[in-house]
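**Student:** Sequence:
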Amino acid sequence: MFATWYQTQSETSQDWLHHLHRHPETGFEEVRTAQFVADRLRDFGYQVATGIGGTGVVGTLHGAQSTPEEPGRCIGFRAELDALPMTEKAQVSYASNDPAKFHGCGHDGHMVTALTAAAYLAENRDFDGTVRFIFQPAEELLTGARAMLADGLFDRFPCDEIYALHNSPDLPSGQVGVPSTAALSSADDIDIIFHANGAHGSMPHTGEDAINAAAHLVTSVQQAATRLVDSRAAGVISFGVFHGGTARNILPETVRLEGTMRTTSAKVRDRLAQLLEDAARATEVLFGVRIDVTVKKVAPVTLNDPACVAAVVASANRVHGVARVVENARSLMASEDFSELSSVVPGAYFFVGQDGPAPHHPEFVFDTGIIPIGAEIFADLAKHRTSQTANSYQFQ
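Using our numbering, the first residue of the sequence shown is number 1, and each one after it goes up by one.
Treat the hints loosely; a few may be bogus.
What the hints assert, rightly or not - Here are the simulated DSBU-like pairs of lysine-lysine, each with C-alpha atoms no more than 30 Å apart in a straight line:
1. K267 / K297
2. K89 / K101
3. K296 / K101
4. K101 / K297
5. K296 / K267
Derived by calculation from the structure, the hints in this document are not laboratory data.
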């Protein structure tokens, strides 16, 4: 039924994608994008709320057996509004109109996937409860979900479950991958400042060598992490910024390191944070410097709920075929603030494969074949998970 419907819908969905791609907006600036999404939802007959957490949009649709007073089970679907602050290099006819911004992560495609599912459900309300399509700002900043929650997202628009998808070059084109536990890693920002009494490079013994101390800490942390973290667990610390000094022959008084910490385990996350502190204290003793360590928690691990995982697998098998569904798909060490939402409401995050350059590459092009796959899975989830018997449904 969906496939037949999409034959007449596909050109419209493509037009939506091209429009959104031409007009990218970055985090918390998605005014035009949010307006476009809200207008489409209203056209479909959804109750629409805007300005949630800044520029967030929520569209609500009641099924045949529900009302605003008795909404039944409510199922949410999340898509991202924001683009990246980078220059597009892909040669497409619908290229970004802004040379400094483009949808290099596929959020335009995710929005269109959600809108396509929303349009289908509006024309086929043969489901029991209520669906909510949540369009979130500032995913790339990892702060948009938190802003929507602070604005009362789930208090104002309760959901029993929530789902999201992402394109993935790690899977063959068209395959659906469903991680059974952790889908994405946590994200933490690391800032380390080394304080020393500077000295002339020819007489290092007259002061402290903050550069040498920083280099020692970087290498010691990398070595220790491989021994302190279970090799079967995922955990990584990487430093991308190393700043210090202004002259070739002067040992500086201050050196700054900036890095990131990613893991798919809360236990490993805590262990690596402690490792940074321990390494700093040991380095202070060895080099006579003073070290300030700050680890800022940015986003938690995106953990999939077992019942929601089973629901996605069942829906994907029904509409896409068992042969094209990968259960227990590998976690990615990228991070997402969908984790903020699924920490409050049970949820699942899954992937749809595509070929070509990976997200955040300047030549990234979203595979439009993902749209009907994702939209039909969303629609099937809406039908089955809004059922009053959904909680007791046994997936085979």
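**Student:** Compare the structure with each hint and give your call.
**Tutor:** Against the structure, the hints come out as follows:
1. K267 / K297: Holds, at roughly 14 Å.
2. K89 / K101: holds, 11 Å
3. K296 / K101: Given pair K296, K101 holds - Cα atoms ~27 Å apart, limit 30 Å.
4. K101 / K297: holds, 27 Å
5. K296 / K267: holds, 16 Å
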